[in-house]
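Engineer: Okay, here's what each chain looks like letter by letter:
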Amino acid sequence: MERVEIVTEELGTEADGTRKQTMMLNMGPQHPSTHGVLRVVLYLDGEIVQEAVPHIGYLHRGIEKLCEDITYQKCLPYTDRMDYLASICNNIGFILAVEKLLGIEDEIPPRAKVAEVIMFELGRIESHLIGIGANAMDLGAMTAFLFCFKERERIYEILEMVCGARLTTSYPRVGGLPMDLPEDFQDTIRNFLKIFPETLSEIDRLLTRNRIWIDRTKEVAVISKEQAIDLGITGPILRGSGVPYDVRKATPYLDYENYEFDIPVANEGDAYARYLCRMEEMRQSLRIIEQALRNLPDGPYIADLPDIVLPEKELVYTKMESLIRHFVLVYSGFETPPGEVYHAVENPKGELGYYIVSDGTGKPYRMRVRGPSFVNLQALPGMVKGRFVSDVVAAIGSIDIVLGEVDR
Amino acid sequence: MTSPPDPVDQIREKISGYILSESTFRGEITFIVKAESIVECCSLLKNTLGFTYLVDVTVVDYLTVKFPRYEVVYLLHRFGENYEENLKIRLKAALEQDNPAIDSVTSVWSGANWLEREAYDMFGITFRGHPDPRRILMPEDYDQFPLRKDFDVRDRESSKRSFERALDEGRE
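Here the protein sequences come in this chain order: A and B.
Count the first sequence with the numbering used here and you get residues 1192 to 1599, in order.
Count the second sequence with the numbering used here and you get residues 142 to 313, in order.
Everything labelled a hint here was simulated from the structure, so no lab data went into it.
The reader is advised that the hints may include incorrect statements.
SDA-like cross-link-like pairs, simulated, lysine to any residue; straight-line CA separation at most 20 Å [what the hints assert, rightly or not]:
1) B:Lys290 / B:Arg276
2) A:Lys1291 / B:Asn227
3) A:Lys1291 / B:Lys229
4) B:Lys233 / A:Lys1440
5) A:Lys1554 / B:Pro287
6) A:Lys1416 / B:Asn227
7) A:Lys1440 / B:Glu225
8) A:Lys1576 / A:Val1413
9) A:Lys1554 / B:Glu222
10) A:Lys1265 / A:Lys1291
11) B:Lys187 / A:His1251
12) A:Lys1256 / B:Ser300
13) A:Lys1440 / A:Met1470
14) A:Lys1554 / B:Asp293
15) A:Lys1416 / B:Thr193
16) A:Lys1256 / B:Asp291
17) A:Lys1291 / B:Leu228
18) B:Lys301 / A:His1251
19) A:Lys1554 / B:Arg167
20) B:Lys207 / A:Thr1552
21) A:Lys1256 / B:Gly265
22) A:Lys1554 / B:Phe166
23) B:Lys290 / A:Tyr1556
24) A:Lys1256 / B:Glu298
25) A:Lys1440 / B:Arg219
26) A:Lys1554 / B:Phe292
27) A:Lys1440 / B:Lys229
28) A:Lys1416 / B:Ser251
29) B:Lys207 / A:Lys1291
30) B:Lys207 / A:Tyr1556
31) A:Lys1440 / B:Glu222
32) B:Lys290 / A:Gly1553
33) A:Lys1256 / B:Arg295
Non-contacting residues of chain B with respect to chain A, defined by C-beta distances greater than 12 Å in every case (computed) [unchecked claim]:
34) Arg153
35) Ser162
36) Glu181
37) Leu190
38) Pro209
39) Glu226
40) Ala242
Cβ coordinates follow ideal geometry from the N, Cα and C atoms, glycine included.
Make a model of the complete structure from these sequences and hints.
Structural biologist: Following this line, the structure appears as structure tokens:
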């Protein structure tokens, strides 16, 4: 992608004497199909895109800078606000990175791990529902979008039940879960597992063989395997181009190696292939949730690590030592060994990596977030070059970006 | 039966000419390499050793903690045969405080484009030979580098100036 300087360029004269020019079209930052505040400057020859230049940063809040001044636990709410369609996945990714830095992965109780897997996969389904639904709505399929939203609501209800918040979950803690799972957790999830496949097949019936949907997505926004790897693209886009890379299999975390699931791969590399990958990933997520639910152990939900985990509330109110410990943990945080770690999780949109540099104090010296949306968005100019303006809409939808994560 | 050779040993041997030092923490290997030959080192890693996927490029500012002040961090990933190996290594190149500059690796991985732009935007590191060296997240006329450790977070003047300029442009 070279820098584009052209604003208008003479393209010659038509037979009737009208002059032809390149037109510059500003798509966004306020445009319904740019999924937030993405601005794409399009240089058009008629309706053909000659060059697309994305401009980002409208939602930049400086999360990496903010995190340098607060304790690790207080960074957690900021991670909600990156990929806010799957906040729970961001949260878990961050917590795992801090646990890796502390070297306490082996002390996390199994109940917490399994619960985190369930929540992570629910987050994936939630994000893919929006990805597919919004992509479909941009291309005119309103019904599919409403079906997706109806189902997402059910997931939000589960999230609310478990962690008290719907969108900004801030859920796990370093060391495990902040509270035990609610009593009717298993029944609710089982109910969801029963209902959701039906909706999934309804979406499938609405889109997969829909003539208009196929026309609008097949051979649109194509990216080859080599290009995708070269650009560092991950997630369903990479898998839609034929690379079976999934962090859950490549470098398993949360004991993902013990679960049975497949990585859907398609070779076409177009928007339709990505749609098929996302649909199949949701089915695989259901498989994982089912297995996790079957193996959900009883026992403690948070590790017994007094230096890291907050003491129980009851003890804080009755015991002096616990009160002091609580105070210290909230104000200066737990100490971390000096060093640096990178921990990646397979977020719905791709590889989400946290690179934490610690200087031994309770606050991260540097926290870098490798957001999948940011890297994946680089593919847009190549995908839409020489295509129609309406394909730009399909391309943005199929890349499935969240600007909160692009801009951070 | 001999155990298979450690892949990290092979990598170390191949790029030994570029390595200044190395460290391991929590099972992650970090090579500190010569900043002036970063492109040669990276193309060797990509073309001969199969590190086709550049995960991340970022910078850490060690204002007073370490000397030299900046470290540019590259995170590379190798899929391996049949996408089964999945090895990650980290490269670091140290840069001086005054006019920090390093060659761009966009010629090796085109995905480095935005990552290096962000590193410039946040830390003011110049990437020589970058095809599109603009700011990416901050306004184009912004004159600070926010993620530097000596950035004054209470100083709102530069953002105010940018904002007012944008307002003026909007009114015209």
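Engineer: Run the structure past the numbered hints and jot down the numbers of the failing ones, going up.
Structural biologist: Hints 4, 9, 11, 29, 39 contradicted; others consistent.
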